[in-house]
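Protein chains in written order, with my numbering: chain A, 31 to 153; chain B, 31 to 153.
Source of the hints: derived by calculation from the structure; they are not laboratory data. Fair warning: there could be bad hints in the mix.
Okay, derived cross-link-like pairs now, DSS-like style, lysine-lysine, Cα gap no bigger than 30 Å in a straight line [stated by the list, open to error]:
1. B:K101 - A:K146
2. B:K76 - A:K76
3. B:K146 - A:K101
Simulated restraints, written as ranges between beta carbons of each label pair [as the list claims (entries may be wrong)]:
4. B:K59 - A:P129: 26 to 36 Å
5. B:N57 - A:S53: 49 to 59 Å
6. A:S53 - B:S63: 36 to 46 Å
7. A:H120 - B:P127: 27 to 37 Å
8. B:C150 - A:L125: 24 to 34 Å
9. B:S132 - A:D75: 38 to 48 Å
10. B:T78 - A:L125: 36 to 46 Å
11. B:G135 - A:K59: 15 to 25 Å
12. A:Q60 - B:I110: 20 to 30 Å
13. B:S151 - A:Q60: 25 to 35 Å
14. B:T38 - A:S53: 49 to 59 Å
The beta carbon of each residue, even a glycine, is placed where N, CA and C say it ideally should be.
Protein chains: 2
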Amino acid sequence: MTFEEKITLNGFRLTAPRKKILSILTNQKQPISFEEYSAIDPLIDKSTFYRTMQSFEQAHIINGIESDEGKRYFELNETIHPHFICQHCHAITCLNPLPLISLEGYHVESIIFKGKCPLCSDS
Amino acid sequence: MTFEEKITLNGFRLTAPRKKILSILTNQKQPISFEEYSAIDPLIDKSTFYRTMQSFEQAHIINGIESDEGKRYFELNETIHPHFICQHCHAITCLNPLPLISLEGYHVESIIFKGKCPLCSDS
DNA sequence: CATTCTAATGCAACTAAGTTGCAATAAACC
DNA sequence: GGTTTATTGCAACTTAGTTGCATTAGAATG
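Construct all of the structure, not just a fragment, from the sequences and the given hints.
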């Protein structure tokens, strides 16, 4: 099922801003914040962006990640994988090869590791 | 080494508000937000609390956790353990028996699982 | 114990991420 | 094409967390 099908099947309309957001998210290798998104698409309206993120989360199209700096980052959930947030340089890294770890009784949807990334561990 | 020793050894002064914050944090079984803290200690000043959290983080006394609702939760780092945040009921659970999982090249300081907790998985 | 130095407090004002209300617009379905 | 209703875009708002600064009080020193 394509992302566009997921949008319409969940009762959401396929609008121009949503298509643009979807195509930009597709090009990202990392989760992206509103600040970063609006640098790519400067005409986007803040509330349209955030409301779209809410709709996309309901349609299980994206995952949200809370950074250690109080911002939200968004990523298409094509391949679900853990993330690492460096508390020193604040970079968010996708730990692509790693699978999600399951927990007895819980339904795990995402895992975030925090600490120091390899670059910051050296210095 | 006690927490009070960690404070002074890191060049911080052992003040009245810090002692009170430390004693209240000691009594918590879960990470606590400013909102929750100030319900216990209503006279605390917001900036004193947040600045104390910053100092305590520098002294490696506490760990901060970002909730899915854009708030920060704080916990004494006596025993470091992963946490689970339920995206349905928003409860934060300490996964005490679990150890931190290490990652090649990274220095892991905390792990957060997100998804649905056992209670919300049923419903 | 009194003095001095400077970190920390407490208050108010501020910042910025994210939300909400609402009139105007445009998908989707006939 | 016309109708219905979700969505947009704008401005105003909310709220967690930060900052500036004058005052207070740890802690070290004599």
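Do the hints match the structure? See the list:
With a C-alpha separation of about 22 Å, the suggested pair B:K101 and A:K146 falls inside the 30 Å cut-off, and the hint holds. Straight-line distance between C-alpha atoms of B:K76 and A:K76 comes to about 29 Å, which keeps the hinted pair within the 30 Å bound. For the proposed pair B:K146 and A:K101, the alpha carbon gap of about 22 Å is at most 30 Å, so the pair holds. The beta-carbon spacing between B:K59 and A:P129, approximately 31 Å, falls within the hinted interval of 26 to 36 Å.
Separation of B:N57 from A:S53 is about 51 Å and conforms to the stated range, judged on CB atoms against 49 to 59 Å. Take A:S53 and B:S63: their Cβ atoms lie about 37 Å apart, and the range 36 to 46 Å holds. A hinted range of 27 to 37 Å for the beta carbons of A:H120 and B:P127 is consistent with their spacing of about 30 Å. In this structure the hint that B:C150 and A:L125 lie 24 to 34 Å apart at CB holds, the actual value being about 26 Å.
Under the hint 38 to 48 Å, the C-beta atoms of B:S132 and A:D75, about 43 Å apart, fit the expected range. Remark: the range hint 36 to 46 Å for B:T78 to A:L125 is upheld by a beta-carbon distance near 37 Å. Between B:G135 and A:K59 the beta carbon distance is about 19 Å. The supplied range of 15 to 25 Å therefore holds. The supplied range of 20 to 30 Å is met by A:Q60 and B:I110, whose beta-carbon atoms lie about 27 Å from each other.
Between B:S151 and A:Q60 the beta carbons are some 30 Å apart, a value that agrees with the proposed interval 25 to 35 Å. Restraint check, B:T38 to A:S53: a C-beta distance of roughly 55 Å satisfies the suggested window 49 to 59 Å.
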